[in-house]
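Enquirer: Here are the chains, one letter per residue:
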Amino acid sequence: MSSTGGSVSPRDPLEICKQLVDMAIDAGAEQAEAMVESGRGVETNIESGEVHTVQSREETVFGLRVISQGSKAFVTANDVSERRLADSVKEALEQASVIPADEANAFAPPGDSTTIEGLYDPAIEKMTVSDSSRLAATLAEAVKSRDPRVTIDSGSVSFSIERSALVNSLGIEKEKSTTMAGGSLFGMAVDGEDIASFDYDSESSCRLDGFEAALLKTADRFTDKCVAGLGAGKGLSYRGPVVLSPEAVAEFLLSNLMGALCADTVRKGRSPLADKLEQLVACEAFNLVDDATVDSMVTSSPFDREGVATAKTTIIEGGRLRTFLFNQHEATLAGGNARSTGHAAGSASSPPGIGPSYIELAAGEESDLLASNGGPVVLVNRFSGSTNAVTGDFSGVVKNGFLVENGQRRPIRETMIAGNLFEALRDISALSSERRLISSSALVPSVRIENVSVTAG
Amino acid sequence: MSAAEVMETLKQAAASAGGFVELRYHAKTSRGVVVEKGKVESSSSRSVAGLGVRVLENGAWGFASTGSSEPADVKRAIESARAAARSGASLRSEAVADLPEVKLATGDFSQPGVDEIEQRSLEEKVGMARKLEETVRSSSSSVSSATCGYSEIFEEKAIVTTDGAAASFRLVRPELRLQAVAERNGEMSTGFEAIGTTGGWECLFRHGDGEYFASKAARTAVDLLSAGHPQGGRASVILAPSIVGLLVHEAIGHTVEADFVQAGSVAAGKLGQRVASDLVTLCDSGASELEDGAGGTIPVDDEGVLAGRTVIIRDGILESYLHNRESAARYGVAPTGNARAWEYANEPLIRMRNTYLEPGQTSLEEMIASTSHGYLLDGPRNGQADATGEFMFGVQEAREIKDGKLGALVKGVTVTGIAFDVLSTVDSVSDSFRWDLGSGYCGKGQPAKVDAGGPYIRCKALLGGEQ
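Heads up: the protein sequence lines correspond to chains R and P, in order. Sequential numbering of the first sequence, starting at 1, is according to our numbering. Sequential numbering of the second sequence, starting at 458, is according to our numbering.
These are computed hints drawn from the structure, not numbers from a lab. Keep in mind that a hint or two might mislead.
Here are the simulated lysine to aspartate or glutamate pairs, DMTMM-like style, with alpha carbons at most 25 Å apart [said to hold, decoys possible]:
1) P:901 with R:194
2) P:485 with R:82
3) P:494 with R:264
4) R:268 with P:551
5) P:901 with P:613
6) R:18 with P:591
7) R:268 with P:613
8) R:144 with P:551
9) R:90 with P:581
All of these numbers come straight from a predicted model, not from anything done at the bench.
My request is simple: use the sequences and hints to build the entire structure.
Expert: This is the structure:
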């Protein structure tokens with residue numbers, strides 16, 4: 001450890017993985033899988049608009065899965081000493097001994113490989129706490145100079161590097177190196193007694209080139225969103241159209257939808273889409289893909305949490321559901337022609353789950369979704385509410401929203417929307433021609449949804 | 458390295474360090490099992506241990522973390538934190554003030570339950586989860602899916618500062634989650650129960666055994682199948698302790714965290730002002746006040762300050778914010794013991810612990826009987842709040858009240874309002890009390906284990922949920 005980030009564990013992650021797998025097999029496991037992530041980084045936090053705490057960190061974490069007598073167990077720790085590795089193998093086997101066997105337990109077999117460019121930038125490896133601090137101060141100043149009414153409650157600028165590897169006893173051996181530059185802002189606008197809803201924004205990149213410019217654009221966007229919420233007044237109760245911003249599409253509509261598309265949710269009887277393969281589940285303009293193979297994208301990876309090669313997956317096409325998302329375990333349980341789609345999600349410190357990497361919702365043709373015949377339309381910039389993942393019923397508050405009526409647009413507060421997510425997908429009447437990248441994980445347009453219940457306080 | 462050896466290493470490192478240095482060793486072991494539809498879906502164990510070092514140098518904070526507690530690594534981490542602080546110092550418009558003098562904790566403050574839960578076998582814990590999942594699944598032919606998750610977090614800390622803190626403690630936090638999914642004629646509904654505590658199983662199950670919560674989750678899911686939706690709009694509502702807890706945590710507690718106040722939250726500038734009905738006294742405490750086992754209990758915070766009780770609102774008047782040592786210096790008050798870090802690699806932030814409304818003198822029965830029309834709300838599904846104090850909570854169970862009597866169950870309810878406005882409408886507070894968010898986690902860049910609760914209260918808020 002040093003002010004320039006220092007050294008991570010001197011041991012190669014791939015070698016640690018191989019050692020763990022060998023130790024587990026030698027101890028009696030039928031199958032074993034190990035993942036190691038070794039990372040370090042620097043970060044400068046912003047608090048109340050000022051550079052606050054400057055940090056450097058390093059950590060090496062391993063995750064070990066074993067299958068013993070048909071039972072599966074998982075152990076993770078941040079200590080790669082010989083003693084800890086041996087204790088962990090023992091603990092995993094003891095854990096497995098009290099878990100019922102499951103014939104579907106199996107790790108992924110070796111298969112294809114994927115190549116992705118631009119995930120590692122040596123320039124980021126050279127970043128120091130001085131670099132993160134200078135950029136954090138620049139970021140804070142950019143917000144202040146654009147509009148002094150905006151206060152940053154918290155924010156950060158960070159640079160990190162990670163080397164990771166995954167090995168299993170069936171022959172998979174994968175490794176990668178990635179770098180990331182990131183920045184975030186969280187705060188609100190305050191003008192006398194008028195306090196707007198909080199808002200946030202972030203930027204991340206695998207490459208240093210262009211990062212500072214992108215981060216300063218984020219500062220502008222964040223500031224403008226915060227200020228737009230000042231002067232919010234009473235909304236209007238009606239049943240009719242609402243427009244979701246790209247943020248709301250990504251963080252509300254699609255995040256809930258993706259949960260219903262995971263094969264484990266389907267198997268457990270918790271997805272209303274379970275029997276809807278090849279059926280219309282959304283409007284015909286709805287085209288959704290997930291792609292972990294985009295060059296230079298921080299969410300990209302050549303292999304998933306089980307070592308399976310990633311690929312571009314078409315999930316919904318022309319409104320029709322084409323596939324669910326599978327990891328190896330769910331594909332085995334599903335049987336038939338089911339194969340892992342490379343969607344085993346998670347890190348070394350957790351057993352694999354299922355999830356998307358980088359989703360793209362195709363753009364539509366509309367340039368102005370807020371245009372109406374004079375009737376009310378609410379623009380939902382952010383949705384703060386609850387969605388029942390099983391039924392799709394949602395209800396919650398519109399944040400930093402606007403009411404457009406008779407050509408007039410004004411900010412609103414204490415306005416709730418309610419409906420059903422899966423009905424809303426079919427009630428989408430338009431998608432915008434412009435798209436935005438949200439949190440480096442979703443490229444989405446705005447969408448207009450009809451027949452939503454809107455209640456003003 | 459044993460806990461005693463770690464403490465000795467930290468003391469020696471602090472003794473030879475100049476300036477202000479805070480050393481925090483934190484070991485955390487989490488174990489969990491999830492059973493679903495008769496299968497053990499996952500069984501896992503996670504151990505994370507290391508040292509977080511914070512220094513205040515040249516009027517700026519520096520932080521470094523290392524997974525090692527060896528003396529040479531501790532020394533190296535201190536130097537890293539110092540270099541980090543120096544890099545930020547010249548970029549601040551004003552220096553962080555020297556920390557206020559305060560009586561810092563020394564000694565061991567371990568909490569009960571650790572040995573008891575460690576001695577229970579993994580087999581017993583897995584067996585309990587399998588049995589309870591079976592109970593949920595077999596409760597009704599309408600239950601199509603059931604889940605039971607059991608987890609436990611063991612924590613061990615040693616905190617040493619160059620100005621006198623030398624405290625250590627161990628604690629354990631077990632949690633149980635049960636979910637039922639019911640299905641009939643294509644309609645689906647869910648019932649969810651979750652409990653958590655700081656302590657042993659006796660404490661975890663103090664309000665009922667696992668079978669009780671399993672049956673309750675199943676019954677809720679089945680009952681909600683035939684429930685209607687409420688009429689949206691402003692209504693008189695009686696909030697159960699679980700919803701009161703969510704309200705005081707999300708909608709009040711966050712707005713009085715001093716760093717958020719500094720950024721301009723709705724509580725800024727309101728000390729000494731009336732912000733709630735005079736029936737409202739609201740507190741945050743590191744101890745488990747009024748009832749044992751609160752899930753956010755900490756004896757000492759991560760700056761070495763004893764984590765006592767803070768009255769935030771007394772009889773409706775805003776009395777205090779929640780502070781760490783830095784914000785206490787800025788506001789000229791004593792630190793309140795609210796500096797908390799999730800793991801060794803996280804810096805301490807101002808966080809709540811156990812947040813609650815104090816009980817009053819009315820019985821729940823009297824409260825319902827004197828309500829002409831309204832809703833009784835229980836079981837939070839989730840919740841968020843804003844800098845403005847505007848909050849939104851999803852509610853699992855809502856019962857209509859008509860002419861003083863409990864009526865039909867309704868579903869899909871969301872309650873919202875501006876927290877101080879809603880608390881100003883409180884006209885009745887029950888004499889009962891319960892911690893009811895013991896399985897809760899709070900997010901603020903890093904998680905924190907918290908609890909919240911209170912009595913039943915009656916107030917006015919905006920209900921959503923009509924389809």
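Enquirer: All hints are to be evaluated individually against the structure, with a verdict given for each.
Expert: Right, here's what the structure says about each hint:
no. : hint             : verdict
1   : P:901 with R:194 : 24 Å, holds
2   : P:485 with R:82  : 20 Å, holds
3   : P:494 with R:264 : 12 Å, holds
4   : R:268 with P:551 : 56 Å, violated
5   : P:901 with P:613 : 22 Å, holds
6   : R:18 with P:591  : 39 Å, violated
7   : R:268 with P:613 : 37 Å, violated
8   : R:144 with P:551 : 16 Å, holds
9   : R:90 with P:581  : 19 Å, holds
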